[in-house]
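Engineer: Okay, here's what each chain looks like letter by letter:
There are 2 protein chains.
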Amino acid sequence: MDKSRQPHQRVSLAGMHIDRTSAVPLHLQIAAHIRSGILRGAFPAGTQFLGSREIARELGCSRTVVLTAWDLLYAEGYLESTPRGSVMVASVAAPHAEPPSITPAAAPAHMSKRWQSLLGLEYETNWPSVFAPGAPDISTFPFKEWSRLLRQSWQNPREQECLDLPPEGHPRLRSEIANFLGSVRGLVCAPEEVVVTSGTSGALDFCSRMILDPGDEVWVEEPGFIEARWALTAAGAKLVPIPVDDKGLVVSEGIRRAPRAKLVVVTPSHQYPLGVSMHLERRLELLDWANRNDVWVIEDDYNSEFRHQDSMIASLRSLDREGRVIYFGTFSKIMMPNLRLGYLVANRRFIDGFSKGRARIDVHTSGIGQLALAEFMREGQLLRHLRGMRRLYAERRKALIDAITTLMPDDLSVSSAVTGLHLVALFTEAMQARMSDREAAASLKQAGIHVQQLSQNFLEAPTRQGLVFGYGRLHVEDAAPLLARIADCIGSRRRNAPTGPAISSRTVRTIKRG
Amino acid sequence: MDKSRQPHQRVSLAGMHIDRTSAVPLHLQIAAHIRSGILRGAFPAGTQFLGSREIARELGCSRTVVLTAWDLLYAEGYLESTPRGSVMVASVAAPHAEPPSITPAAAPAHMSKRWQSLLGLEYETNWPSVFAPGAPDISTFPFKEWSRLLRQSWQNPREQECLDLPPEGHPRLRSEIANFLGSVRGLVCAPEEVVVTSGTSGALDFCSRMILDPGDEVWVEEPGFIEARWALTAAGAKLVPIPVDDKGLVVSEGIRRAPRAKLVVVTPSHQYPLGVSMHLERRLELLDWANRNDVWVIEDDYNSEFRHQDSMIASLRSLDREGRVIYFGTFSKIMMPNLRLGYLVANRRFIDGFSKGRARIDVHTSGIGQLALAEFMREGQLLRHLRGMRRLYAERRKALIDAITTLMPDDLSVSSAVTGLHLVALFTEAMQARMSDREAAASLKQAGIHVQQLSQNFLEAPTRQGLVFGYGRLHVEDAAPLLARIADCIGSRRRNAPTGPAISSRTVRTIKRG
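Same order as they appear, the protein sequences are chains A and B. If you read the first sequence in our numbering, its first letter stands for residue -19, the second for the next number, and so on. If you read the second sequence in our numbering, its first letter stands for residue -19, the second for the next number, and so on.
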């Protein structure tokens, strides 16, 4: 449009592009065109447009459409009427003299310090690798039953079921979780002691904010679970790494390093990532110290349901008689990760404060799946699926351990601790002399195999070197071929030409994907 | 059990209660019984038990069960072997000399200051009242279609669909939201500028933590949306109330009161709760100031989809050319509240930082409903439902306004601003002279009718008095009877005996519920 036009010369819209195939109604397109022109300065204040009939004829639309566009722009303040009743661009709508000096590339950059800290923690996780620790196998999930129950729970719900759920979660799901924990985990709790969460990360986020003020200290296991650190960091906590030995968390070190900590986050059943079980004396030591110092303890009992019942170890919460232990569990592995459903078990006083606060932050965990999951559990589908997964994972674990001990006995040493979906292969001294686990992981990545280096799980200087192998998605027949590839890449018994078992095409695809 | 027993006398378990109907396996029951006894001091260190065969006979179970219980307790450290190979209570398992001095009633009480602040904000919201502001009508929702699509999306999903979703949300849902906003809201955006959230509260929580460090100032509208204050408070922000007049937020007051604020949260299309639309000059003033001072603006465009398109006002984001406005929307009203699904629209740089951080806190919004919702939108079901709801809500609003203007013309004055699911009835001067809106709400509550007092929405001393009426769930035929009851209770034209229209039985149930 020509800026040199006399302000009183009536403006035509003949050149405007109308998209009749667009979902955007015509009057909105017209209004957008004019609005944009006004803001760009193409239609200065005082500009008058042709009459609505003429514009309608120009654009090939009805007069009503044009008048509706006018009405909208009037209401927004872009247009006003002349004394004669014509339509004119309003004076207030004139843009500033200077064109915007900020280019999109230099768009607003302010970000809080705490968010910068959160983003600053660089780890590589969640790559689509067959060895991704903790990644479950989805292929045998009973989708037919699950989808049936989803439909069933939403076909004809009661009205109350559609409005906000209680922040603690659907009562039936709380009840099923309590039953499940009793029978599968030997953890006795009442439904009122169970809260439905959106997964461990989110639950840890809320608990951190409930228990800690910024700067407060928290004990974290060293090595320990990376993702837990994110939530704690986002809450502004000061993480104090506490070493883990063959009896689990070294409580005396915790007391020495951070005697004023307000929270302890542990994985006592099977320490992540090393797999050791926290010995009874350490558990009692921890609970005793926590009681005397008003400290909360979060027990992240990840993957407990995959361990065979005969080797099940009583939870820390079972030992706790002061209501000090907050027990975390998740459905991410036993159902599927994108469900984002989990639970915590705590005493009622904690749950009251937790729920009231969380309700004010995110209202409640998604309601679509809660009732369906309760039904899924009530029908016994979850237990049935769990039994199948236990067998499958046990087979895969065995295949992986066999492959490691057969193909890389001089380099890697596997603990016998059962963890559910991953294991740690520690570097032997000979291996450590040759390379760090970071170098090993880098070499493997170049060869197309992603394996997590153990040292990534340390906050401070790593005291151990090794590789963390997830096996949830590892097919039994691929274990040896993959380990052969790994041995070729970093093993002491490197071979120039592959003489090991032929690699299945699925393995090749796996390697390509991973 | 008798503590005076010789430590070497072998202990029987004959008195132990076995629950054969329990889901808890026998060996776990036995182990729990012994564990508990050890911790209570009933089985001191060195206590030996009868042989496994004898115990099996006593309890009426197999010897294997008893041996499995022993194995477990060995693994946990409660038992050890005697030199002769018998089972003995381990010395480390002895409990402390002093019995626990903390009773469950005095359970751990530590709670962070920030959580105390969050809980300290006392408001009454979310009561099950027909007048609850913002509560939508669920009765006409197409559950048949929705449940069909839920089932369809989970019958046979691709594996990738089950693992973690991207933190920005399912690509198809992002795409559908972009289309929806373009056609329904006249807001043009690319799918890459859309992020799926778990609802407005949660999105505000993340944005606050991303933009503000504790103590940073944020402008909030006065009166304004209570729930927004919770999330901002949880993030440690310093809320500065900025008045709203008939042109919307008084930007100059904001600049005067909090010139160093980092964030502004506004409801510019239809201010909550007053309903006024933010005038263009104010919008430009706000954006201009925000640009010059590197300030973010959150535009909460709640309920915009319920307003008729012909009166649709261009979003603040449409005016924003610096990528400074973060646009919030929700599906809570147009679908159902317990879905916990919403979205935000922002520039890509913001989205990168937001998504990377949120992924580290809660991974992503629940994945169960995202694909189903995308399909629901693609099939046109959402638009169809929306059209029906617009008509329904328009009828209800009209009925409510008619009732108010007919029955309480001297007390309440209703603005014509269309808000979607609620309206504000301001007190006339005469009404204000008689009572405060807090007193009015208290009287009504005693009469069994819950209506929110406008003054509750002020952070500081209220400058206006009135009542906030939700009408989303108000049946047209109940408007007059309910207003008659309200008039009876607090109106200037009080009547001793009800002479108004008969109250339907549904209204009576409604009043009882509310």
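One thing to keep in mind: the hints can contain errors.
It does not matter which identical chain is meant; a pair holds if it fits inside one copy or across any two.
Calculated cross-link-like contacts (lysine to aspartate or glutamate; reagent style DMTMM-like; alpha-carbon spacing at most 20 Å) [stated by the list, open to error]:
no., residue 1, residue 2
1, K124, E141
2, K313, E375
3, K378, E34
4, K218, D193
Since the hints were derived computationally from the structure, they do not count as laboratory data.
Engineer: Honestly, which of those hints from before does the structure not fit?
Structural biologist: 3
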